[in-house]
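Enquirer: Sequence:
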Amino acid sequence: MIAVIPHKDELFQLANFQKEIKKMMIARGFFFYSRPPLWFYLPNNFTAKNKEELKALCLQKVLMEKPYFKDGKLLSPLHFTIDGKLYTCEYTHLYPFNFKADDKILNEALQEWLSKKTVNDRKKILTLPKEFRIFRLGIAERLSENSMAISESLWVKLR
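Numbering (the numbering used here), first residue to last: -7 to 151.
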C-alpha cells in the first residue's frame, strides 16, 4: 500500500479541521471519531517494494475536494493524477459513533459551519479544495488492526 503523508503543517490543519467539525457536530448532538493516521492511500493497483519504485511513480497531483456526508461518514473526494491519468477515491475524515442521522441534516449543518468560517479561522484549519504539493510518499504496512508504519519513504515536491 502506498501512502501520501502530507507535510506537517497541512497535517496540523487537517487535524484541526476534523476537530472543529467534531466540536460543531457535538453541539448538535452528533458524535464522531476520526481514525488516525491522517494519510491518504493511492488506489490498490499502485504498489512499490522500495524507494526506487516509489521514485518511478509519476505522481503529478494530489487534490482533496470539499467534504460531504454520506452514510453518516464525513468524506472528501481525493484525486490523484499519476502518469497523466486521473484516479479518484474517497477519504474518510470522520466516522459516526453509534448513531444514524439523515445525511441531508448533516450536510446542511456542515455547509452552515463552513460558510461562517472567517479568514483567520481558515489559516488554522484546512481549506478545501486543497492541492497538496509537499508530502512524503511511502510504503505503508499494517502492523495490527489499529497501527500502520512506513517502511520506506521519500519527500515529493510538486510544482
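Treat the hints with caution; some may be incorrect.
[Said to hold, decoys possible] Below, simulated DMTMM-like cross-link-like pairs (lysine to aspartate or glutamate); rule was C-alpha separation at most 25 Å, straight line: (1) Lys149 with Glu104; (2) Lys47 with Asp63; (3) Lys62 with Glu45; (4) Lys11 with Glu123; (5) Lys11 with Asp75; (6) Lys122 with Asp63; (7) Lys116 with Asp75; (8) Lys109 with Asp1; (9) Lys47 with Glu12; (10) Lys149 with Glu45; (11) Lys43 with Glu133; (12) Lys77 with Asp63; (13) Lys15 with Glu104; (14) Lys0 with Glu12; (15) Lys77 with Asp94; (16) Lys14 with Glu133; (17) Lys65 with Glu45; (18) Lys92 with Asp75; (19) Lys41 with Asp94; (20) Lys0 with Asp63; (21) Lys11 with Glu144; (22) Lys109 with Asp95; (23) Lys14 with Asp75; (24) Lys47 with Glu123; (25) Lys53 with Asp75; (26) Lys149 with Glu137; (27) Lys0 with Glu133; (28) Lys65 with Glu12; (29) Lys14 with Asp63; (30) Lys58 with Glu133; (31) Lys11 with Glu57; (32) Lys15 with Asp94.
Treat the hints as calculated values from the structure; they're not laboratory data.
Enquirer: Hint by hint, say whether it matches the structure.
Expert: Status of each hint after checking the structure:
At most 25 Å may separate the alpha-carbon atoms for a hinted pair to count; Lys149 and Glu104 exceed this at roughly 34 Å. Restraint check for Lys47 and Asp63: the C-alpha separation of about 37 Å exceeds 25 Å, so the hint is violated. Distance check on the hinted pair: Lys62 and Glu45 sit about 35 Å apart at the alpha-carbon level, beyond 25 Å; violated. Of the supplied pair hints, the one linking Lys11 and Glu123 holds, its CA atoms being roughly 21 Å apart against a limit of 25 Å.
The suggested pairing of Lys11 with Asp75 is violated, with an alpha-carbon distance near 35 Å, which exceeds 25 Å. Restraint check for Lys122 and Asp63: satisfied, since their Cα atoms lie roughly 23 Å apart, inside the 25 Å limit. For a cut-off of 25 Å, the pair hint linking Lys116 to Asp75 is broken: about 33 Å separates their Cα positions. As the CA atoms of Lys109 and Asp1 are separated by approximately 19 Å, the hinted pair is consistent with the 25 Å bound.
With a C-alpha separation of about 36 Å, the suggested pair Lys47 and Glu12 falls outside the 25 Å cut-off, and the hint is violated. Restraint check: the Cα-Cα separation between Lys149 and Glu45 comes to about 17 Å, which is no more than 25 Å; the hinted pair holds. The straight-line distance between the Cα atoms of Lys43 and Glu133 is roughly 14 Å, inside the 25 Å bound, and the hint therefore holds. As the CA atoms of Lys77 and Asp63 are separated by approximately 29 Å, the hinted pair breaks the 25 Å bound.
Taking the CA atoms of Lys15 and Glu104, the gap is about 14 Å. The hint holds against a cut of 25 Å. A hinted pair counts as satisfied when its Cα atoms are at most 25 Å apart, and Lys0 with Glu12 qualifies at roughly 18 Å. A distance of roughly 35 Å separates the Cα atoms of Lys77 and Asp94; the hinted pair therefore is violated under the 25 Å criterion. At most 25 Å may separate the alpha-carbon atoms for a hinted pair to count; Lys14 and Glu133 exceed this at roughly 28 Å.
Of the supplied pair hints, the one linking Lys65 and Glu45 is violated, its CA atoms being roughly 34 Å apart against a limit of 25 Å. Proximity of Lys92 to Asp75 is assessed by CA-CA distance (about 40 Å); at most 25 Å being required, the pair is judged violated. For the hint linking Lys41 to Asp94, the alpha-carbon distance of about 43 Å lies beyond 25 Å, and the restraint is violated. The hinted pair formed by Lys0 and Asp63 fails the criterion: a straight-line CA distance of about 30 Å is larger than 25 Å.
Among the hinted pairs, Lys11 with Glu144 is inconsistent with the structure: their alpha-carbon atoms are about 29 Å apart, more than 25 Å. For the hint pairing Lys109 with Asp95, the CA-to-CA distance comes to about 21 Å; that is within 25 Å, so the pair holds. At most 25 Å may separate the alpha-carbon atoms for a hinted pair to count; Lys14 and Asp75 exceed this at roughly 37 Å. With a C-alpha separation of about 20 Å, the suggested pairing of Lys47 with Glu123 holds against the 25 Å cut-off.
For a cut-off of 25 Å, the pair hint linking Lys53 to Asp75 stands: about 10 Å separates their Cα positions. For the proposed pair Lys149 and Glu137, the alpha carbon gap of about 31 Å is over 25 Å, so the pair is violated. Straight-line distance between C-alpha atoms of Lys0 and Glu133 comes to about 20 Å, which keeps the hinted pair within the 25 Å bound. Under the criterion of a C-alpha separation no larger than 25 Å, the hint pairing Lys65 with Glu12 is consistent with the structure, at around 15 Å.
Under the criterion of a C-alpha separation no larger than 25 Å, the hint pairing Lys14 with Asp63 is consistent with the structure, at around 16 Å. The suggested pairing of Lys58 with Glu133 is violated, with an alpha-carbon distance near 28 Å, which exceeds 25 Å. Taken as a hint, the Lys11 and Glu57 pair is honoured in the structure, with Cα atoms around 18 Å apart against an allowance of 25 Å. Of the supplied pair hints, the one linking Lys15 and Asp94 holds, its CA atoms being roughly 19 Å apart against a limit of 25 Å.
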